[in-house]
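Protein chains: 2
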Amino acid sequence: MIYLDNAATTLKKPEQVIDAVVYAMGNFGNASRGAHGYSLDASRMIFGTRQKIADMFGCPGADHVIFTSNATESLNMAINGIISPGDRVITTDLEHNSVLRPLYRLENESHISLGFVPSDRKGCLRLSDFEKLVTDRTKAVVCTHASNLTGNIVDIAEIGKIARRHGALFIVDASQTAGFVNINMEKMNIDVLCFSGHKGLMGPQGTGALLVRDGIEIRPFKTGGTGVQSYEKSQPAEYPVRLEAGTLNSHGIAGLSAALDFISATGIDKIEQKENRLLRRFYEQVSGVRGVTVYGDFSSSLHAPVAALNIRSVDSGEISDCLFREYSIATRPGAHCAPRMHEALGTREQGAVRFSFSWFNTEEEIDIAADAVKEIAAKY
Amino acid sequence: MIYLDNAATTLKKPEQVIDAVVYAMGNFGNASRGAHGYSLDASRMIFGTRQKIADMFGCPGADHVIFTSNATESLNMAINGIISPGDRVITTDLEHNSVLRPLYRLENESHISLGFVPSDRKGCLRLSDFEKLVTDRTKAVVCTHASNLTGNIVDIAEIGKIARRHGALFIVDASQTAGFVNINMEKMNIDVLCFSGHKGLMGPQGTGALLVRDGIEIRPFKTGGTGVQSYEKSQPAEYPVRLEAGTLNSHGIAGLSAALDFISATGIDKIEQKENRLLRRFYEQVSGVRGVTVYGDFSSSLHAPVAALNIRSVDSGEISDCLFREYSIATRPGAHCAPRMHEALGTREQGAVRFSFSWFNTEEEIDIAADAVKEIAAKY
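Protein chains in written order, with the numbering used here: chain A, 1 to 380; chain B, 1 to 380.
There's no promise every hint is true.
Because identical chains cannot be distinguished in the list, a pair is counted as satisfied if it fits within a single copy or across any two copies.
[Claimed, not checked] The calculated lysine to aspartate or glutamate pairs, modelled on EDC-like cross-linking and capped at a C-alpha distance of 20 Å, are:
no. : residue 1 : residue 2
1   : K233      : E349
2   : K12       : D41
3   : K233      : E107
4   : K233      : E343
5   : K139      : D214
6   : K233      : E109
7   : K270      : E363
8   : K187      : D269
9   : K52       : D63
10  : K52       : D19
11  : K233      : E217
I should point out that these hints are in silico values taken from the structure, not numbers from a laboratory.
Given these sequences and hints, build the entire structure.
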C-alpha cells in the first residue's frame with residue numbers, strides 16, 4: 001500500500017507521536033482544571049507545546065497560541081471573530097471551503113463585501129491584483145499559503161506587506177504548509193495564522209491551532225468553562241482562554257508536541273528539500289506523458305508537496321479508484337473543497353486526482369506511482 | 001496515587017480504548033475525504049460509532065449524531081444554533097459555564113430573555129418551578145442532567161414532559177451522566193443531547209457529541225469543508241455534515257468507539273450500581289464527621305458519582321492541595337465553573353472540594369480517601 005493522500009492527513013506519524021498519546025491517555029488529567037499532579041502534568045505539557053509552536057512560527061508569546069480541533073475551527077474563529085457587518089474583505093480563488101464558507105456566510109448574513117484575487121489557468125495569483133484590491137477600507141486579507149489542490153505556494157511575505165501598508169489584518173491559512181516550509185508571523189506581517197496539527201505537522205487528528213499577534217482582538221467563538229474567572233458572565237478577555245472553552249484535547253496535543261520535536265530535530269529545511277525532491281521526481285515522470293494534464297505552476301523553486309492531474313477527460317474518481325484497486329495507491333479525486341480553484345483550472349466537472357507526499361514517502365513509492373499513471377494513461 | 005477527579009476527566013481508560021487509538025493513528029486516513037481504503041476505514045469506523053451512540057441514547061438515527069471536540073462545543077452549537085434574538089429560554093442554577101456563558105452572551109447580544117429555575121441550599125430544583133416558568137412563549141429549556149458540583153440528578157424525564165407540553169425544545173447537558181445512567185432521548189422527550197466523550201464514557205479527550213432529534217433545525221456553527229456538495233456556498237443542510245466542518249478526529253473517535261463497546265459489554269446498570277456503591281461508601285464515612293459539610297442531596301437513590309465537601313471554613317484549595325501532597329489523592333477544589341450553584345450553596349468564596357468516582361476506583365481507595373478527610377478534619 002502506498003499512501004499519497006498526505007494533504008488530507010498524514011497517515012504515517014513519527015513513532016514518538018503515538019508513544020506520547022499513549023502516555024497522555026494513561027497519565028494526564030484535565031489541564032487547568034485542578035491542582036493535582038495529573039492535571040498539572042497536562043497543563044505543563046500544554047504550555048510547553050504552546051511555546052514550541054510560538055517558537056516555530058514566530059508568534060509573540062506562548063499565550064497567543066490557541067488550540068483548536070482543526071484548521072477549519074481556527075479559520076472560523078479568526079473570520080467570525082474579526083470581521084464585522086459591513087466590512088470589506090479580500091481573499092483569493094485558491095481558498096478552501098474552510099475560508100470560503102465562513103466568508104460567504106458573513107456576506108449573506110452580515111453584508112460584508114468580498115473581493116477575490118483571481119487565479120489564472122495555472123493556479124497563480126498576481127501580486128498586482130492584491131495591490132489593486134487591498135485598500136485602506138479593507139478590514140482583512142484572508143489567504144491560503146498554498147493551494148490544497150495545485151500545491152502552488154503564495155508569496156505571503158509580499159501580501160503581508162501590502163496588507164500592513166493599508167492597515168488591513170492578514171489572516172493566513174497554513175494548512176498545507178505548516179511543518180513543510182518556514183513561516184514567521186513577525187517577519188511576514190501575519191496577524192493570525194491558522195493550521196491543523198495532523199497534516200504536515202504529523203500530529204494526531206483532532207488538533208489544530210490559531211496564533212494571534214499581540215493587540216489583535218478576536219471575539220470569542222465558543223464560550224464556556226475556562227477553569228479561571230468562573231464568576232464572570234463572559235469569557236475572560238486574555239488569550240488563550242478567551243478562545244478556548246471546555247476541556248482541551250491534551251491527549252492529541254501531547255502527540256502534536258512530540259511531532260513538533262520530531263520536526264525540529266529533523267529540520268524544516270530538510271523536510272522541505274526531501275518532499276520537494278519527491279514531488280519533482282513525480283512531476284518529471286508524469287508531466288510529459290501523453291494524455292496526462294498536471295495542474296499548477298512547477299516553475300517556482302518552492303511548491304507544496306502536492307500534484308494534481310487528470311488523464312484525458314476521464315472522471316478523476318475513476319482514475320483514483322483504479323489507482324487504489326489495481327495499484328494499492330491512495331490518492332484523492334474530486335473537488336477537494338476548492339470550488340473556485342477548479343473553476344479557474346476548468347476542472348469543475350472532472351475534478352482532479354491529487355497525489356500528496358510526506359516525509360515518510362520514498363523514491364521507490366514515487367516511481368511506482370508515476371509508472372501507474374503512465375500505465376493508466378496508456379490504457380484509457 | 002488515587003485519582004478522584006473523574007468528573008473532570010476519567011484518567012483510567014479501558015485498555016482497548018488506548019489500543020483503538022493506536023490502531024487508528026497507524027491506519028486511518030481522513031474520513032469522508034477520499035475513496036481509498038485508509039479513508040474508507042476511518043469513515044466506516046465513524047459511521048459505526050454514530051450508530052453505537054444513537055443506539056445507546058435512543059437517538060432516531062446515526063446521521064443525527066454529530067461529533068464535536070467536547071461537550072462545550074456541543075452546547076455552543078445547540079444554544080447558538082437554535083435560539084434566536086428575542087427568544088425566551090428557561091435554564092437552572094445548576095448549570096455549568098458551558099451552558100451559562102453561551103446564554104449570557106445571547107442575553108447580552110441578541111436580547112434573549114432568561115428564566116432561572118432556582119436551586120435550594122441542597123442543590124435541588126423543584127418541578128413546580130419549571131411548571132411556572134415554562135410557558136408557550138418559551139423557545140427552549142436548557143438543563144443539565146446532573147450538577148457537576150453536587151452530583152444531584154435532575155428528573156429530566158419530567159422536565160421533558162413539561163417542555164413538550166408547551167412546545168419548547170429541550171436541550172440536555174449530559175456531561176456528568178452519559179455512560180453512568182441510562183438516557184433515552186425518545187422516551188425523555190429530549191430534542192438535543194450534549195455530552196463529552198472523555199468523562200463517564202471513558203473515551204479520549206478531544207471527543208464529544210451532539211445528538212439531535214428528527215425535524216429540529218440547528219443552524220451551522222462552524223462552516224467549511226465537508227467532502228460533499230463542495231460547490232455549494234453554504235454548509236449542506238443534512239445532518240451530520242450540517243454541523244461538522246473540517247477533518248473529524250478519527251483517532252479520538254476510534255477510542256470512544258472502543259469505550260462504548262466496553263460500556264455496553266459491562267452494562268450501564270452495573271456501572272451505575274458500582275459507582276453509586278462507591279459514592280455511598282464515601283458519603284457514609286465522611287458525612288457525619290465533625291467539621292465536614294457535604295453538599296447536595298443524598299436522599300435520592302440516583303446520584304451522580306460526585307461528592308463535594310468542605311472542612312469548616314478552610315479554603316477548598318488548601319484542603320485539595322493537602323489531599324494531594326500528603327495523601328496522593330487527586331480531587332478538585334474551587335468553583336468548578338458552576339457559579340450559580342456555589343451562590344445557591346453559599347460557597348462562593350470557599351469553593352468546594354470535589355471527589356468524583358469512576359468504574360475503575362476501588363473500595364480500598366474510597367476508604368483511604370474517607371480516612372484522609374477524617375484526619376484533615378481533626379487537624380484543622
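How the hints compare with the structure:
1. K233 to E349: The answer is between: 17 Å across copies meets 20 Å, while 50 Å in one copy does not.
2. K12 to D41: between (27 Å within a copy, 15 Å between copies)
3. K233 to E107: between (30 Å within a copy, 11 Å between copies)
4. K233 to E343: between (46 Å within a copy, 14 Å between copies)
5. K139 to D214: Intra 17 Å, inter 40 Å, cutoff 20 Å: intra-copy only.
6. K233 to E109: between (27 Å within a copy, 13 Å between copies)
7. K270 to E363: Within one copy only: 16 Å inside a chain, 55 Å across chains, cut-off 20 Å.
8. K187 to D269: within (17 Å within a copy, 59 Å between copies)
9. K52 to D63: within (11 Å within a copy, 38 Å between copies)
10. K52 to D19: within (19 Å within a copy, 28 Å between copies)
11. K233 to E217: Answer is within: at 19 Å inside a copy they meet the 20 Å cutoff, but 27 Å across does not.
Of the numbered hints given earlier, the model fails none.
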